[in-house]
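Asks: Taking my numbering, the leading residue of the sequence shown gets 1, the next gets one more, and so forth.
If you are wondering where the hints come from, they were derived from the structure by calculation, not from laboratory data. Glycine is no exception: its CB is placed at the ideal position from the N, C-alpha and C atoms. Hints may contain errors.
Cβ pair distances, simulated, as ranges [what the hints assert, rightly or not]: (1) LEU14 with GLU189: 30 to 40 Å; (2) ALA160 with TYR5: 10 to 20 Å; (3) ILE122 with ILE26: 30 to 40 Å; (4) VAL76 with PHE103: 36 to 46 Å; (5) TYR52 with ARG195: 43 to 53 Å; (6) ALA110 with ALA160: 18 to 28 Å; (7) CYS21 with ARG195: 43 to 53 Å; (8) GLN24 with TYR52: 10 to 20 Å; (9) ARG195 with ALA110: 36 to 46 Å; (10) GLY118 with GLY47: 15 to 25 Å; (11) HIS49 with ASP193: 40 to 50 Å; (12) ARG91 with ILE181: 14 to 24 Å; (13) TRP13 with ARG151: 11 to 21 Å; (14) VAL33 with TYR192: 35 to 45 Å.
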Amino acid sequence: MLEAYFRSYYQKWLVDDVAKCISQFISPNLITVYGMLFGIVTAILLGLHHPYWALVSLIISGYLDSLDGTIARLTVRSTPFGSALDIICDRIVEFSVILGLYFVDPIARATTTIWMLGSILICISSFLVVGIFTQNHHEKSFYYSPGIMERFESFLFFFAMILWPHYFTYCGYAFTVLVVITVILRMREFAYDCRS
1 MLEAYFRSYY QKWLVDDVAK CISQFISPNL ITVYGMLFGI VTAILLGLHH PYWALVSLII
61 SGYLDSLDGT IARLTVRSTP FGSALDIICD RIVEFSVILG LYFVDPIARA TTTIWMLGSI
121 LICISSFLVV GIFTQNHHEK SFYYSPGIME RFESFLFFFA MILWPHYFTY CGYAFTVLVV
181 ITVILRMREF AYDCRS
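Work out the full structure: start from the sequences and follow the hints.
Replies: This is the structure in structure tokens:
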């Protein structure tokens with residue numbers, strides 16, 4: 001949701017030129033995998049109590065996630081497999097980060113992280129099910145149903161949880177509530193579309 005307000009500037013100044021420079025040397029799918037690996041490294045760094053390095057790793061992961069799609073479109077290499085790989089790798093990153101946040105303090109954070117993971121499971125299920133039944137008119141190779149909590153907002157919450165660990169529980173439950181609201185709004189919109 002928030003990303004829509006400045007995505008064009010971010011894309012223009014930080015992504016497009018880099019994509020043009022490296023598009024002939026690396027495949028978008030490989031960049032997707034690198035983004036996933038940095039997400040996994042984020043979890044390891046969190047577990048080892050290196051929050052600032054974890055933050056850097058997460059930023060790199062997020063950046064690579066925006067770079068892969070740009071390169072795929074730029075080189076006309078967008079494929080269903082690439083889209084599927086991107087979705088799966090995104091979920092692996094999210095799971096890894098939440099797992100890393102859990103390892104910071106397993107006893108105190110167990111319940112919160114379970115709620116977060118549960119909300120993501122429900123959200124991605126609604127996203128994929130709505131996508132199955134909705135015709136695609138977007139530049140992505142699959143139907144994209146936007147919501148209050150998208151990848152950018154999730155990363156903002158992850159940043160806050162890493163930087164301010166004392167507020168982890170509050171951030172975690174706020175994250176969960178917003179993800180559930182996203183599911184409700186998505187399903188309500190889908191129900192309306194089905195009736196029209």
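Asks: Each hint: holds or not?
Replies: Checked hints:
no.	hint	in the structure
1	LEU14 with GLU189: 30 to 40 Å	holds, 31 Å
2	ALA160 with TYR5: 10 to 20 Å	holds, 19 Å
3	ILE122 with ILE26: 30 to 40 Å	holds, 35 Å
4	VAL76 with PHE103: 36 to 46 Å	holds, 41 Å
5	TYR52 with ARG195: 43 to 53 Å	holds, 50 Å
6	ALA110 with ALA160: 18 to 28 Å	holds, 19 Å
7	CYS21 with ARG195: 43 to 53 Å	holds, 48 Å
8	GLN24 with TYR52: 10 to 20 Å	violated, 34 Å
9	ARG195 with ALA110: 36 to 46 Å	holds, 41 Å
10	GLY118 with GLY47: 15 to 25 Å	holds, 21 Å
11	HIS49 with ASP193: 40 to 50 Å	holds, 47 Å
12	ARG91 with ILE181: 14 to 24 Å	holds, 20 Å
13	TRP13 with ARG151: 11 to 21 Å	holds, 19 Å
14	VAL33 with TYR192: 35 to 45 Å	holds, 38 Å
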